[in-house]
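Visitor: For reference, the chains in residue letters:
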Amino acid sequence: MDNLLEIQNGIAISRASVPQVPSDVFFKSLSEFVKNEGYIVQFFAYQEERSYRLLAVVRNTRLFVIGTEVGKTFRSLTGAVSEKFHLFEREIAEQFGLKPDGHPWLKMVRYHKNYTGEKDVFGNHYQDDIPGNYPYFTVEGESIHEVAVGPVHAGIIEPGHFRFQCAGEEVLHLEIQLGYQHRGIEKMLPDLPQKRLPIIGESIAGDTSIGHNLCLCQALEALADIPVDRGASIIRTIALELERIANHIGDLGALSGDVAFNPPAAYFGRIRGDFLNLLQVLCGNRFGKSLVRPGGVTQVIGEEQLRIIREKLTEITPEIEHVCDLLFTAHTVQARFEHTGTVTEAMAKDLGLVGFAGRACGIAYDARISFPTECYAELPGNSNHVTNGDVNSRATVRREEVMHSLKLIGLLLDKYEVFMDSLIAVQMRDHDLKPDAFVVTINEGWRGEISHCLLTDGKGKLQRYKIKDPSFHNWTGLAMSLRNQEISDFPLCNKSYNLSYCGFDL
Amino acid sequence: MLKIIRNKLEQGCKTTAYPKEPISLYRRYRGLPVIDKNCHTDIVSRCAAICPQDCIDSADKTIDLGRCTFCGHCETAGNGGFVRFSQNFEMGAADRQDLITDGTLPILAAHAKQHFKKLFGRSLQLRQVSAAGCNSCEADTNVLNTPFFDLSRFGIDFVASPRHADGIHVTGPISRNMKQALLDTYDAVPSPKVVIASGCCSISGGPFYGSEEIVGDLSSLLPVDLYIPGCPPHPLTTLHALLSYFK
Ligand code: SF4
Ligand code: SF4
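Each protein sequence line maps, in turn, to chains A and B. Residues in the first sequence are numbered from 231 upward in steps of one, following the working numbering. Residues in the second sequence are numbered from 962 upward in steps of one, following the working numbering.
The reader is advised that the hints may include incorrect statements.
Restricting the straight-line Cα-Cα distance to at most 30 Å, the calculated cross-link-like pairs of lysine-lysine (DSS-like) are [stated by the list, open to error]:
id	chain 1	residue 1	chain 2	residue 2
1	B	LYS998	A	LYS329
2	B	LYS981	B	LYS964
3	A	LYS425	B	LYS981
4	B	LYS998	A	LYS425
5	A	LYS542	B	LYS964
6	B	LYS969	A	LYS637
7	A	LYS579	A	LYS265
8	A	LYS542	A	LYS645
9	B	LYS981	B	LYS1078
Rather than coming from a laboratory, the hints here were simulated on the basis of the structure. Predicted model only: the values in this text are computed from it and were never measured.
With the rest of the complex left out, here is chain A:
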């Protein structure tokens, strides 16, 4: 660990202080760190004049950074050390045309031209629209059949392609191929005027508008030394918790629908709407878009909003308890939730699952506790005890987190009252960013760890903007959930994670 530099969430440092080590030292340090209960937060490439650099942000109970320079190939750690490197290495190959040597499944991630004009690692020319030239993992044998689903699915859902290798009803392997939602966000961000950044931050994944935009705004605040009022911090925290509740409740309803138990599906669907409407009370948009901007929030909570939120929470908390009770005590529901889509703790650790999906397997990590931003340092955490890694565990964690978040919002509203009359809303404006600086921000979105990483050049212009949605870690978890599972359980397993396509595709 000697080669790694300890850093703080959301504190900018000069790029010169990021350790640059020879590549063999880099890979050795990373391997050792990851083998000892270490996890990858960010691992990406960037261009420095004519050379290529790799940068890794890793965590155990603390946060570290390390960097190196590489040629057009670099050493793959996926097969040799941990599955955690798998997608990160493929992403580096796709974005920069650098080849991870010895990668066991070197395939494109999102299907796009690389940023550098290097020879394409995957042999694609990108003249054809997707599907281009890429392989799928196949299982061979007489009674094996393949089921292909998507990109357009049977519902109002984002596009993605699922390829099942089955023996009868049993799924031997599921490969999830995304990329259909790729908008080129990382590539476009550094060249945009600052006024467009939060709008895009809120649209990386719309169900995580607050989470991603918080990462973006905190990063700009760190790079420009912008202070944030405590009152504004409280509002941001409330918004992030409202976002969490809305999504968890919506998914509990969808899970209920997937096991054909309609009453909770209808009730939760409607209750989710109430939470989206509370975000609309905060800022005028049901997804919290336009609320968070560098330096604070664009709308403050006044007496009227405070009253509306409090009254709604008082009215709705018992309803949520009752509908949860209805859902979780139904035997037919239990029979379908339990032992379905199980991922073991060992597997979850090897994949590096994050968020509630990780917690449902027994990985306690919650960025609100480990690397708190905004008001989290002063708020109680939640600990979950059902950790079997199945659909039931994921649903139960979400139920608990909804109740926990409701409590947090109550506490936050009490804290807020003293700031109510003095808090001033901020307006969007441009800020000068520090030159040659580096910052990483982490927030616990409702799906798990969201992280943004920014590098500025000598003039204070953004040079590299790296985004990681928790789905980047967790899609592989869904694939593993389907192993030896009946194919008809796919919708249920899928909803228990409800991962983001656009957050992954960027």
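Knowing the structure of chain A, use the given hints to seat chain B with the ligands on it.
Guide: Frame of chain A; chain B with the ligands shown alone:
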């Protein structure tokens, strides 16, 4: 069973009476802009400069609702001098040009393709195609199926197969990677068919305009019949647009 009944009693009937009765949205919601044409050019320019979507034309004093994300920055920057946002969510348009507005929109129900009302007025089946947006548009379309909005009581449904559909409802700025699947879906819908562009992404590329990885404008690929602005459109904006256009 008892629990189901108890919950049913607690929940009651929550379906909105809209459109029979008016419904009002919370005052912070930003709907159709109210524009002051007599506003001083300096204020309009200030609003145009802050607009992240560059959708304010300061010479004409208009806003392009096909690009606007309704972030409200122009309202705050100009102190409401140039534009204030009303709570009127009825913003659908049949013509792209109509979305470039001084605050007024033509009556949607009087659109030029009245034959669609005869064809689909009693039953409209739509295939939704999600093409590279942020999934909020999809989410707020999906809620039309919740008990509060209960879309199917109007004879409107979202269906799984394009073969069963009367048209497509498209969200997102259409990534290069989704373009072919979108066109295939359109081709699979039997004629006569309608095309609906929902959200500023599918109308103009939305927040992602200028990216090389997107098409950015559905009407450059397919003939669009109905535009529903917003980021995302409020469910009531979509409901109003569908009912006015087809009923
Ligand atoms: S509300 Fe629309 S017009 Fe006003 S600043 Fe935002 S995007 Fe521009
Ligand atoms: S229009 Fe706005 S809400 Fe809709 S998909 Fe695009 S970014 Fe998301």
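Visitor: Now tell me if each hint is right for this structure.
Guide: Hints, one by one, checked against the model:
no.: 1; hint: LYS998(B) <-> LYS329(A); result: violated, 58 Å
no.: 2; hint: LYS981(B) <-> LYS964(B); result: violated, 33 Å
no.: 3; hint: LYS425(A) <-> LYS981(B); result: violated, 41 Å
no.: 4; hint: LYS998(B) <-> LYS425(A); result: holds, 25 Å
no.: 5; hint: LYS542(A) <-> LYS964(B); result: holds, 23 Å
no.: 6; hint: LYS969(B) <-> LYS637(A); result: holds, 26 Å
no.: 7; hint: LYS579(A) <-> LYS265(A); result: holds, 10 Å
no.: 8; hint: LYS542(A) <-> LYS645(A); result: holds, 18 Å
no.: 9; hint: LYS981(B) <-> LYS1078(B); result: holds, 19 Å
Checked against the numbered hints above, the structure violates hints 1, 2 and 3; every other hint is satisfied.
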